[in-house]
Amino acid sequence: MNAATATAGPVSAGSFATGFAWSFARDLTLAIRHPGETLLVVAFFVLVASLFPLGVGADPQLLARIGPGVIWVCALLAAFLSLPALFAGDYADGTLEQMTLSPHPMPSWASGKIAAHWVASGLPLTVLSPLIGLQYGLDPATLGTLAAALLLGTPILSLLGAACTALALGARGGGVLLALLALPLFVPVLIFGAGAAEAQAAGLSPAPHLSLLAAGLILALMALPFAICAAIRIALD
Amino acid sequence: MDHQFYLWMSYGATALALAAEMVALRAGRARARRLIEEERDLEAQD
Amino acid sequence: MNFYYFSSPATFYRLAGTMAPFFFAAALATGIAGLYMGFVVAPTDAQQGEVYRVIFIHVPAAWMSMFAYFVMACYGAISLTFNTRLAAMMARAIAPTGAMFTFVALWTGSFWGRPTWGTYWVWDARITSELVLLFLYLGFIALANAFEDPRRGDRAAALLAIIGVVNLPIIYFSVQWWNTLHQGSSVSFKGTSMHVAMLWAMLLMAISFWMYTIGAALVRCRTIILERERRAQWVRAMT
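Residue numbers (the working numbering), protein chains in the order written: chain A, 1 to 237; chain B, 1 to 46; chain C, 1 to 239.
So here's chain A without its partners, still in its complex pose (with noise of 0.2 Å):
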């Protein structure tokens, strides 16, 4: 998998799409052929939000109570673990800075690139929240509203932790430095995404929280991306 099989011809311009769909299929492919990762982070989060009704005690009420909480930071958490892998590879090796050579404009595969650490990391973590859901007795509406909530938090964790990734690239400080720096701005997602499964647990609509996070999600997309790229290229000079 090279840059040059993507491009049309020797001097040809790029396209958003073409960018995007090279660089997902990239990605996709390198965590397909190393499920490592993915599996790691499902591992994760498997066992962190198994750690908790061992430690507060395993009152069904109790743990209802928490769940919608507990499970969101276990997703969190499982989502920033994975975080450092997304660009390091590609820093270390030489790749990062070839593809900012490529045609295509640098959102476009940057936003591939992210697409991909998403399917491979908060994807799953979704697909399996209503599975620990279950384990911690919510109700079916609720389980419903925790995947949705996790389905539009998880990808705006992937791009603020990917803007913190790019930002913290080759610093002194390692993994801490990335924890104080991406944990402030993952809270307000935390707290409209547990927000949401928490009313709809109480009997109130979350439509308010899903429409938030939703908010969130499109500004997100909108304007991250040209953020990590400015990263990008301030760690590269």
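Hints may contain errors.
[Said to hold, decoys possible] Across the chosen pairs, the derived CB separations fall in these ranges:
id, chain 1, residue 1, chain 2, residue 2, range
1, A, 33, C, 3, 50 to 60 Å
2, C, 166, A, 205, 20 to 30 Å
3, A, 170, B, 43, 22 to 32 Å
4, C, 149, A, 94, 16 to 26 Å
5, C, 5, A, 88, 43 to 53 Å
Hints listed in this document are in silico derivations from the structure and should not be mistaken for laboratory results.
All C-beta atoms, glycine included, are put in the ideal place defined by N, C-alpha and C.
Guided by the hints, dock chains B and C onto chain A, whose structure is given.
For chains B and C alone, coordinates are given in the frame of chain A:
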């Protein structure tokens, strides 16, 4: 009254924070001067 | 007239040195006036007694914490757009003072909450967002200092500040979105329900903190300039 404690803790902490910042500003300036001296010494060695 | 005269660290160094004492003096004057109004003129509150007087620190500090972050992000945007050094140095200069005021807002809020709400801490929307703001400041400072090349740190931190500015509207509007324990806004452009002496004391303290922040940022910026430009002729000729 009990409320005096809360007032003192609040205003006291603020005064402490401001004082700490002043001290930090002085210390930063001293450090900058020291770095300039080191630069001058390094250059003098050439 | 050259608008960019003071965008050179050398010329700005002298300007900041001249301006800073005036800002500190203004901060002291308005601070004394504000505290006088707050403790001597303003009456005892009907419900909270004397402890409400924490408001003269708490609210101005909270306002400054948000405003300083916004100004820091603006300097970050300027430094990235024009690729200047000085704007980035000013952003770095503001950050510690902003973080300090965020901490003060949280601390005084905590000690105001204990006698009035019965608890030192509650996970309410505005308080949580203010705590997140403190971490945003710390993240900015950490990122700016995480690289060997200070210019790389400048640019990365500037971009981080711009991304984090989204948190400010969330803090501001959080009290409307969640009807929670924290008091809603009592001060707006339409008018206020506060007693006029309390309002004036609060505004004077806010101006005092603002003047102080500018003064501290100018002094800190001078130090940053000295460190960064220590190999330049004008620095070595100076000391």
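Hints not upheld, ascending by number: Every hint satisfied by this model.
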